[in-house]
Structure formats: C-alpha cells, structure tokens
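Going by the working numbering, the sequence shown opens with residue 539, and the numbers climb by one from there.
Worth flagging that the hints you see were computed from the coordinates, not collected in a lab. Every value quoted in this text rests on a predicted model; they were computed, and no experiment measured them. Heads up, some of the hints might be wrong.
To be verified - DEER-style ranges, computed between Cβ atoms:
(1) E584 x S547: 36 to 44 angstroms
(2) R587 x I548: 44 to 52 angstroms
(3) E596 x A576: 23 to 31 angstroms
(4) I550 x R587: 23 to 31 angstroms
As the list claims (entries may be wrong) - When the alpha-carbon atoms are kept at most 27 angstroms apart in a straight line, the in silico DSSO-like pairs for lysine-lysine are as follows:
(5) K590 x K604
(6) K552 x K564
(7) K549 x K564
(8) K549 x K565
(9) K600 x K590
(10) K602 x K590
Cβ atoms here follow ideal geometry from the backbone N, Cα and C, with glycine treated the same way.
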Amino acid sequence: MAEVIEKNSIKIGKEPVVIFPLREWKKIEETLEDLEDAVRFNRAFEESRGEKLISLEEIRKKYKLK
Numbered sequence: 539m540a541e542v543i544e545k546n547s548i549k550i551g552k553e554p555v556v557i558f559p560l561r562e563w564k565k566i567e568e569t570l571e572d573l574e575d576a577v578r579f580n581r582a583f584e585e586s587r588g589e590k591l592i593s594l595e596e597i598r599k600k601y602k603l604k
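Could you put together the complete structure from these sequences and hints?
Printed below as a string of structure tokens:
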C-alpha cells in the first residue's frame with residue numbers, strides 16, 4: 539500500500555505532489571474512465587426504466603432508413 543513520507547515531500551507552489559511511474563498512472567487513468575462510463579450507463583439505464591422500447595424496425599421507418 540502507499541506510504542506517506544512527510545520529510546521528503548515535493549511541492550509545486552503550495553501544493554504537495556505525488557509522482558507515479560507512467561505505467562501506474564495509465565492504469566489509474568483507465569480505471570477512472572471505466573468508472574465514468576459505468577456511472578453514465580447507470581444514469582441512462584435508470585432514466586430509461588419504464589419508457590416504451592422502440593424496435594429497430596420502428597426506428598428504420600421513422601427515419602426512413604433502408
């Protein structure tokens with residue numbers, strides 16, 4: 539797990555910073571993106587509950603697709 543070292547902390551301006559290897563940062567970034575996608579999906583799913591479903595055939599007719 540992470541270890542906090544106060545005496546060797548690096549600051550940019552007034553803010554302390556954390557340094558990660560690029561490989562670790564990419565994993566964190568991907569995890570955050572997946573979480574954002576899951577939140578968006580859950581929100582859309584909850585909003586669509588109880589609404590009437592439209593079949594692909596109805597969409598094709600509505601927008602006059604071939």
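Task: Satisfaction of hint between K565 and K549, Cα-Cα up to 27 angstroms - done: holds, 24 angstroms
TODO: Indicate whether the distance between the beta carbons of E596 and A576 respects the range 23 to 31 angstroms.
DONE: holds, 29 angstroms
TODO: Verify the proposed pairing of K549 with K564, using a straight-line Cα cut of 27 angstroms.
DONE: Answer holds: K549 to K564 is near 22 angstroms, not above 27 angstroms.
Open item on the list: Within 44 to 52 angstroms: is that where the Cβ-Cβ distance between R587 and I548 falls?
Closed with: Cβ of R587 to Cβ of I548: about 48 angstroms, so the range 44 to 52 angstroms holds.
- [ ] Would you check the hint for K600 and K590, treating anything up to 27 angstroms between C-alpha atoms as holding?
- [x] Roughly 15 angstroms separates the two Cα atoms, so the pair holds.
TODO: Assess, step by step, whether the Cα of K602 is no farther than 27 angstroms from the Cα of K590, and give holds or violated.
DONE: holds, 20 angstroms
Task: 27 angstroms limit on alpha-carbon distance, applied to hinted pair K590 and K604 - done: holds, 23 angstroms
TODO: Take a look at whether the Cβ-Cβ distance between I550 and R587 falls inside 23 to 31 angstroms.
DONE: At roughly 46 angstroms between Cβ atoms, R587 and I550 fall outside 23 to 31 angstroms, so the hint is violated.
Open item on the list: For the hint 36 to 44 angstroms, verify it against the beta carbon of E584 and that of S547.
Closed with: holds, 42 angstroms
- [ ] Assess, step by step, whether the Cα of K552 is no farther than 27 angstroms from the Cα of K564, and give holds or violated.
- [x] Holds, because 26 angstroms separates the two Cα atoms, which is no more than 27 angstroms.
Checked against the numbered hints listed earlier, the structure breaks hint 4 alone; every other hint is satisfied.
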